[in-house]
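Visitor: Listed here are the chains, written in short residue letters.
2 protein chains.
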Amino acid sequence: MESHSPVADPGHVVKSSPVMIDGVALNGPTLDVSAAEGFIQQSMAIIMEDAVRKATNVREKVCEWRSPEQLKELLDLELKDGGEAQSKILQRCRDAIRYSVKTTHPRFFNQLYAGMEPYSMVGSFIIEAIKPSLYTYEVAPVFTLMEEAVLKKMMEFLGWEEGGDGIFNPGGSVSNMYAMNVARFHHCPDIKELGLSAVPRLVMFTSQECHYSISKAAAFLGIGTKNVYVVPSDKRGKMIPAALEEQIKKAKNEGAEPFMVNATAGTTVLGAFDPIEEIADICEKYNLWLHVDACWGGAALLSKKHRHLLKGIHRANSVAWNPHKMLMACLQCCAFMVRDKTGLLQRCHSARASYLFQQDKFYDVSYDTGDKSIQCSRKPDAFKFWLMWKALGTSELERRVDRAFAMARSPEYANVCFWYIPPSLRNMPESPEFWQKLHTVGPAVKERMMKKGSMMVSYQPHGDKVNFFRMIIISPQASREDMDFVLDEIDRLGQDL
Amino acid sequence: MESHSPVADPGHVVKSSPVMIDGVALNGPTLDVSAAEGFIQQSMAIIMEDAVRKATNVREKVCEWRSPEQLKELLDLELKDGGEAQSKILQRCRDAIRYSVKTTHPRFFNQLYAGMEPYSMVGSFIIEAIKPSLYTYEVAPVFTLMEEAVLKKMMEFLGWEEGGDGIFNPGGSVSNMYAMNVARFHHCPDIKELGLSAVPRLVMFTSQECHYSISKAAAFLGIGTKNVYVVPSDKRGKMIPAALEEQIKKAKNEGAEPFMVNATAGTTVLGAFDPIEEIADICEKYNLWLHVDACWGGAALLSKKHRHLLKGIHRANSVAWNPHKMLMACLQCCAFMVRDKTGLLQRCHSARASYLFQQDKFYDVSYDTGDKSIQCSRKPDAFKFWLMWKALGTSELERRVDRAFAMARSPEYANVCFWYIPPSLRNMPESPEFWQKLHTVGPAVKERMMKKGSMMVSYQPHGDKVNFFRMIIISPQASREDMDFVLDEIDRLGQDL
Chain H
1 MESHSPVADP GHVVKSSPVM IDGVALNGPT LDVSAAEGFI QQSMAIIMED
51 AVRKATNVRE KVCEWRSPEQ LKELLDLELK DGGEAQSKIL QRCRDAIRYS
101 VKTTHPRFFN QLYAGMEPYS MVGSFIIEAI KPSLYTYEVA PVFTLMEEAV
151 LKKMMEFLGW EEGGDGIFNP GGSVSNMYAM NVARFHHCPD IKELGLSAVP
201 RLVMFTSQEC HYSISKAAAF LGIGTKNVYV VPSDKRGKMI PAALEEQIKK
251 AKNEGAEPFM VNATAGTTVL GAFDPIEEIA DICEKYNLWL HVDACWGGAA
301 LLSKKHRHLL KGIHRANSVA WNPHKMLMAC LQCCAFMVRD KTGLLQRCHS
351 ARASYLFQQD KFYDVSYDTG DKSIQCSRKP DAFKFWLMWK ALGTSELERR
401 VDRAFAMARS PEYANVCFWY IPPSLRNMPE SPEFWQKLHT VGPAVKERMM
451 KKGSMMVSYQ PHGDKVNFFR MIIISPQASR EDMDFVLDEI DRLGQDL
Chain Z
1 MESHSPVADP GHVVKSSPVM IDGVALNGPT LDVSAAEGFI QQSMAIIMED
51 AVRKATNVRE KVCEWRSPEQ LKELLDLELK DGGEAQSKIL QRCRDAIRYS
101 VKTTHPRFFN QLYAGMEPYS MVGSFIIEAI KPSLYTYEVA PVFTLMEEAV
151 LKKMMEFLGW EEGGDGIFNP GGSVSNMYAM NVARFHHCPD IKELGLSAVP
201 RLVMFTSQEC HYSISKAAAF LGIGTKNVYV VPSDKRGKMI PAALEEQIKK
251 AKNEGAEPFM VNATAGTTVL GAFDPIEEIA DICEKYNLWL HVDACWGGAA
301 LLSKKHRHLL KGIHRANSVA WNPHKMLMAC LQCCAFMVRD KTGLLQRCHS
351 ARASYLFQQD KFYDVSYDTG DKSIQCSRKP DAFKFWLMWK ALGTSELERR
401 VDRAFAMARS PEYANVCFWY IPPSLRNMPE SPEFWQKLHT VGPAVKERMM
451 KKGSMMVSYQ PHGDKVNFFR MIIISPQASR EDMDFVLDEI DRLGQDL
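If you read the protein sequences in the order shown, they are chains H and Z. For the first sequence, counting from 1, position 120 maps to 120 in our numbering; every step adds exactly one. For the second sequence, counting from 1, position 365 maps to 365 in our numbering; every step adds exactly one.
No lab work stands behind these hints: they were computed from the structure. Do not take every clue at face value.
Note: identical chains are not told apart, hence a pair may lie in one copy or across any two.
[As the list claims (entries may be wrong)] Straight-line distance between alpha carbons at most 30 angstroms, and here's what the computed DSSO-like set of lysine-lysine pairs gives:
hint, residue 1, residue 2
1, K235, K152
2, K80, K226
3, K304, K250
4, K152, K80
5, K72, K88
6, K54, K226
7, K54, K88
8, K361, K437
9, K226, K250
10, K311, K250
11, K152, K311
12, K311, K235
13, K226, K252
14, K80, K304
15, K80, K305
16, K341, K304
17, K361, K341
18, K451, K361
19, K304, K88
20, K152, K238
21, K235, K361
22, K80, K311
23, K72, K341
Next comes chain H alone, as it looks inside the complex (with noise of 0.2 angstroms):
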């Protein structure tokens, strides 16, 4: 056991005399870190006061709306050359706080994350006071061994009773990215090296539901958008499979190379999921990578109630899941997972820099997990899941969940998509001037929302759907109460309309 005192060196003991380098005086520390700490300490008092108490007290706005030309004047932005009192930098928090929107208040139900986590917040103020970055285990020990245990426990959820591989990444986007540069990999491992230019056009499948962040990754990726083909859904938003057979033979058809199927577990409109298992049955048939974006619907897994929406998840060669949705770990927490177990992840990311990741270190360099990474500094997210599963267990995890759905109430998921019908259109027929004048109704009470500061709730146009409220569905301070609330206050937005 090693000794836990301080190390045995006198400090900074400055030299009488100062030493001076092209002008510069290099003796002593030049950072007041007293001064320093003062100035955290105050400004931990008003970010308690303002970002943490304020921003989710029910009785405050979510949001102090102003248009960017009245905000740019309100902030000041300008950086000068001159610096700043810390009264002054205090105050610039303050307004910071102030004109930003409270997506922790309980009435932000606008995106797919919501709710004021505490556990998981304090994990984030550890993070950012100690500057970990996970490439190797040396910098990062606590978190490389967290990351490890997160994602083992997170693929128990996923029925990979043997395991399998994983890595953190800053986003949900990141990780279908992920998905498709390791399912190409593992179809000609060769790319790599050579490059798409040296091989057949791919081909990819997902469904018109899906996330926009296919589409990007495609393009990233050198794939092409065009060879992302698009499988029709039912009118509930799940891919029909019969439908992504017929892709598949079109693509073979066409000469090109099928490589990887995209399901959904939790569409980004709907919430719908897609039927995982005959899905499976599809891939196996045509050896295809069957990667599956949970990023928004993976929590569903720990309800036991409603775990069944990803039947046959336990058959995905890759997943993705953000338990930053629905399990309200702090921005951004996203997981993606291979079930592989021979290195896949590592051998299609590793550059191998011998500056990082020496072979010749004292300890099991296995631990280096960075050559997985398409990043180099990268933060420990991990730790913000870890810290608030350990408070709540499991159990408090699937009460959540299975209280979201229970609020939602929703077809699918807590995706909560309606219209409001003012009372001018109440009684006109369902002719094409109803849904043009339907289709200024969001955005009308939108703008009256925000302006207003009471709450928000997301809208669009969805197919052949005009603008619809899309309302989300998390947190657990969010109650029957404030479901109510939105209702009457649309409807007092709306009543002229």
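The hints should help you fit chain Z onto chain H, whose structure is shown.
Guide: Here is chain Z on its own, set in the frame of chain H:
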């Protein structure tokens, strides 16, 4: 002017009889926010004491080394059904900090980042507390404008008089990927839709000393690592322009299509700056995109004395620059900038998701910058830099850069590369045996410094050179006395080798 008073709404008035859905009571929030606040408050005290005060104290250890096996036992990593008491979680926070490496310690010289920056740290705490995501102005108004302001200022230092465009993103590696994607899209816009299998073999050029992310990016983007043509560097580590031209001619003779040159401003190991002006001439001659990877060296632009190292950077088509390195913004803070002002960045990456980038919003949607990005959720990293820049002013940033140069007095930048010759080798001729023995000194000294926890300095072999130390000097907490300490300590640790 809108009112600043809280929303006039009765808030959570809990109904008398519970509403049960699927066995779940929906009345009232289930998270006790005031208990959560108490926990956050207690955690902040621990963070202040352990992760700020103690972590930055030169008399404390840089790290408390434990092997993976020991640490797994100490941390009790397994995630269970039941949750844990808050007191237990607070202890877990203390342990996570204790066994983590203190990268903010004055004697952490191991990576291209170091030190504690209080303003940036507070900026990051604010981000973590309010959880903004930078896709649309409506969800992140403050941070959208701050990112714009910071990019504008950084582009001034690049000498881009007409401005340009840019985006913060999670890492210099990702910035380099952006560069490659924008460069090839500029070269041939069809690639976005058709992919690389539809075009001739694209080839890019970089020096042998460049960061390994160039190779990773080429693999990830489907270009292929063999299509990165490596240009020799001189003995200081700078790209040899004549050799670049030779490689371009070679590629053309092979029938390949050159599209981009990557110049490095501040190489990872030696800190060398490629001669941008001469490289820019060659790029103009052959009509190639010039990207400058200034992730590490960009900071020198803030110094009137040292900015000549990047002479010619105003001619670059794109630049990667990480303020989280020498400028000490909290991890991660990485800017990718393009000189183009025609919307190339957005055209290259857009997917026009209709649920997020609605065109019928009530404000100017050009402030919805998310479609420039390859991510969906994106953290507002620019804020961390904006806040510290406001506090310190350009002049203090410049002083810090000048001091790092003065402290290092390296032939190039703030990378100090050296061998430690232990007594047993001091009289040995420079035979193969000498080099072989010297090669083992770095790893052995590193093991001892880690186990003692007195400091952290990196080592690596490089080209034909056996293992040497690479010490990176950034932080204003580090002093001349720390420089002496490092040399004395290495000598103490390596006496018997």
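Visitor: Look at each hint and say if it fits the structure.
Guide: To see whether the hints hold, each was checked on the structure:
Taking the shortest Cα distances, K235 and K152 never come within 30 angstroms of each other, neither inside one copy (36 angstroms) nor across copies (46 angstroms). Taking identical chains as interchangeable, the C-alpha atoms of K80 and K226 are never at most 30 angstroms apart, the minima being 47 angstroms within one chain and 45 angstroms between chains. For the identical chains of this complex, K304 and K250 are neighbours neither inside a copy (39 angstroms) nor across copies (62 angstroms), given an alpha-carbon limit of 30 angstroms. For the homomeric pair K152 and K80, the shortest alpha-carbon distance between copies (12 angstroms) is at most 30 angstroms, but the shortest distance inside one copy (48 angstroms) is not.
Taking CA atoms no more than 30 angstroms apart as the test, K72 paired with K88 passes inside one copy only; the shortest distance there is 17 angstroms, against 45 angstroms between copies. In this assembly of identical chains, K54 and K226 lie within 30 angstroms of each other by CA distance neither inside one copy nor across copies; the values are 48 angstroms within and 55 angstroms between. Within a single copy, K54 and K88 get their C-alpha atoms as close as 21 angstroms, and across copies as close as 27 angstroms, so both meet the 30 angstroms cut-off. In this homomeric assembly, K361 and K437 come within 30 angstroms of each other (Cα to Cα) only across copies, at 16 angstroms, whereas the closest approach inside a single copy is 68 angstroms.
In this assembly of identical chains, the alpha carbons of K226 and K250 lie at most 30 angstroms apart only when taken from the same copy (14 angstroms versus 33 angstroms across copies). In this assembly of identical chains, the alpha carbons of K311 and K250 lie at most 30 angstroms apart only when taken from the same copy (28 angstroms versus 54 angstroms across copies). Within a single copy, K152 and K311 get their C-alpha atoms as close as 19 angstroms, which meets the 30 angstroms cut-off; across copies the closest is 49 angstroms, which misses it. For a Cα distance limit of 30 angstroms, the shortest separation of K311 from K235 inside one copy, 20 angstroms, qualifies, whereas the shortest one across copies, 59 angstroms, does not.
Proximity of K226 and K252 under a CA criterion of 30 angstroms is satisfied in both settings, with 15 angstroms inside one chain copy and 29 angstroms between copies. In this assembly of identical chains, the alpha carbons of K80 and K304 lie at most 30 angstroms apart only when taken from different copies (16 angstroms versus 57 angstroms within one copy). Taking CA atoms no more than 30 angstroms apart as the test, K80 paired with K305 passes between copies only; the shortest distance there is 19 angstroms, against 57 angstroms inside one copy. Taking the shortest alpha-carbon separations for K341 and K304, only the intra-copy value of 27 angstroms comes in at or below 30 angstroms, while the best inter-copy value is 52 angstroms.
Proximity of K361 and K341 under a CA criterion of 30 angstroms is satisfied intra-copy only: 24 angstroms inside one chain copy versus 47 angstroms between copies. Taking the shortest Cα distances, K451 and K361 sit within 30 angstroms of each other only across copies (13 angstroms), while inside one copy they are farther apart (58 angstroms). Taking the shortest alpha-carbon separations for K304 and K88, only the inter-copy value of 28 angstroms comes in at or below 30 angstroms, while the best intra-copy value is 52 angstroms. Taking identical chains as interchangeable, the C-alpha atoms of K152 and K238 lie at most 30 angstroms apart only when both belong to the same chain, with a minimum of 29 angstroms there against 44 angstroms between chains.
Only between protomers do K235 and K361 lie at most 30 angstroms apart by alpha-carbon distance; the minimum there is 27 angstroms, versus 57 angstroms within a single protomer. Proximity of K80 to K311 under the C-alpha cut-off of 30 angstroms is restricted to the inter-copy arrangement: shortest distance 23 angstroms between copies versus 57 angstroms within a copy. Taking CA atoms no more than 30 angstroms apart as the test, K72 paired with K341 passes between copies only; the shortest distance there is 21 angstroms, against 52 angstroms inside one copy.
Violation of the numbered hints given earlier is confined to hints 1, 2, 3, 6; the remaining hints are satisfied by the structure.
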